[in-house]
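All chains should be modelled from the sequences, with the hints used to inform the complete structure.
Chains as they are written, first to last, in our numbering: chain R, 1 to 82; chain C, 1001 to 1420.
Keep in mind that the hints were calculated from the coordinates and are not lab data.
Quick caveat, the model's predicted, so the values are computed rather than measured.
Beta carbons: idealized from backbone N, C-alpha and C, even for Gly.
No more than 20 Å apart at the CA atoms, straight line, and that leaves these computed lysine to aspartate or glutamate pairs for EDC-like:
id, chain 1, residue 1, chain 2, residue 2
1, C, K1131, R, E52
2, C, K1131, R, D56
3, C, K1129, R, E53
4, C, K1131, R, E53
Not close to chain C: a few residues of chain R, all C-beta gaps over 12 Å, as computed:
id, residue
5, A3
6, L29
7, K31
8, T34
9, D36
10, D63
11, G71
12, D72
13, G82
With beta-carbon atoms standing in for the labels, derived distance ranges:
id, chain 1, residue 1, chain 2, residue 2, range
14, R, P60, C, E1041, 41 to 47 Å
15, R, E53, C, A1094, 36 to 42 Å
16, R, E53, C, A1207, 29 to 35 Å
17, C, I1276, R, E14, 46 to 52 Å
18, R, D61, C, D1220, 50 to 56 Å
19, C, M1213, R, E14, 45 to 51 Å
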Amino acid sequence: MAATQEEIVTGLAEIVNEIAGIPVEDVQLDKSFTDDLDVDSLSMVEVVVAAEERFDVKIPDEDVKNLKTVGDAANYILKHQG
Amino acid sequence: MNSTNRTVVVTGIGATTPLGGDSASTWEGLMAGRSGVKPLEGERFADLPVRIAALAAVDPGDVLPRPLARKLDRSAQFALIAAREAWADAGFTAKAGEDESIAPERLGSVIASGIGGVITLLDQYDVLKEKGVRRVSPHTVPMLMPNGPAANVGLEVNAQAGVHTPVSACASGAEAIGYAVEMIRTGRADVVVAGGTEAAIHPLPIAAFANMMAMSKSNDEPEKASRPYDTGRDGFVLGEGAGVVILESAEHAAARGAKVYCEVLGQGLSADAHHIAQPEPTGRGIAAAMQNLLDSSDLKPSEVVHLNAHATSTPQGDLAEIKALRKVLGDDLDHVAISATKSMTGHLLGGAGGIETVATVLALHHRIAPPTINIDELDEAIDADIVRGEPRVLPEGPIAAINNSFGFGGHNVVLAFRSV
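Here you go:
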């Protein structure tokens, strides 16, 4: 059962909250992981692994660098989820 | 700015130990003669020959915000908590560079541990085996590296003069403080956050230490297990936590009007070159370190009134230390009130030099020596004045105290402090 974009953003918000302590309501489509959400490159790996598990998707390392905003990640997951 | 042999003082202290989550509650526990040793609950400890340890009184996960704590090994969590307390205690209210109190390039961080992030390493190996490669935390390396606590404390306060981690097993914390003293003396820094931390209460280190026959197996009486100088002592009890001090050049402390706990007179160092883990039984190496301290500082044996001993509660080690003290100090040892605080805190390995420096500084500051508990029958070979059962008031006037730390590998570190 594929998740909607809204469900994905909600899921990403919970993951970012757990990893970086950012309030879920601050995790919006236009927010940059690095600049706005206190997710550094190491923590981004954690976000990716948690998202892979949650949304049944594979996000190869070479694609991670393109996921700059929450919107980038949500769209990637929307397109690639199993 | 550069100079040599500048006077170094202690301007802040911080600790989180088996007796309390800060230095005040730790000191209160020491004065009360309270044991921090408890049974180890849980199935993973059930098959071990040793099922007791001095667990931290306050879990660091309850103190630090979770997003920060999850990126730090437990040893770094302890170090950060103790360093924050010491930093505030020294009167600093912001990171270096954010106000005029200290420039980042004049601030150092020297925090040591004996084993490093061993719990992270072992936990992540469990993750690798049970959940696979992808789930191994990307924070594993910065968490397990032994310099992690020093680096994280350095980041916290913006220390740019240098961040260092000397490693010498159970002497590591004391060696860190000695290294920090030299950074200030030689003009590299004006302020250094220095101390020791350890978090190794996990079945593997316990099994390994127990198989060396180094640990007490008094599982039925945890609070009586750590008993330095008692005839029934049967090994150390593992503890966890951190002790940190703020060291500062006397002129810098005076310029910013900081309160001063005491002066640091210097350090004496040596190596046993005897055995990788056994203490040299005559105390030859310890005596050499003590002599080096006397030769390299203006400490006079006549002014020493207190000594926080290494005394881990092992049959050989406790005795070798006292032999060395008698050899170097002679009759002057008779006026030294000796405390073995590991009887209460357990042995924090690389953290020991940190928390015992805090204890030594507070003993000078309050002019009272902590007790050594659990001596039911004093070993008659212990030819020295041991503070037993109750704290002991120290004399008025200028007084000095020594803190000893020795480590597997034959490392001997002796630090000396004088009242102000």
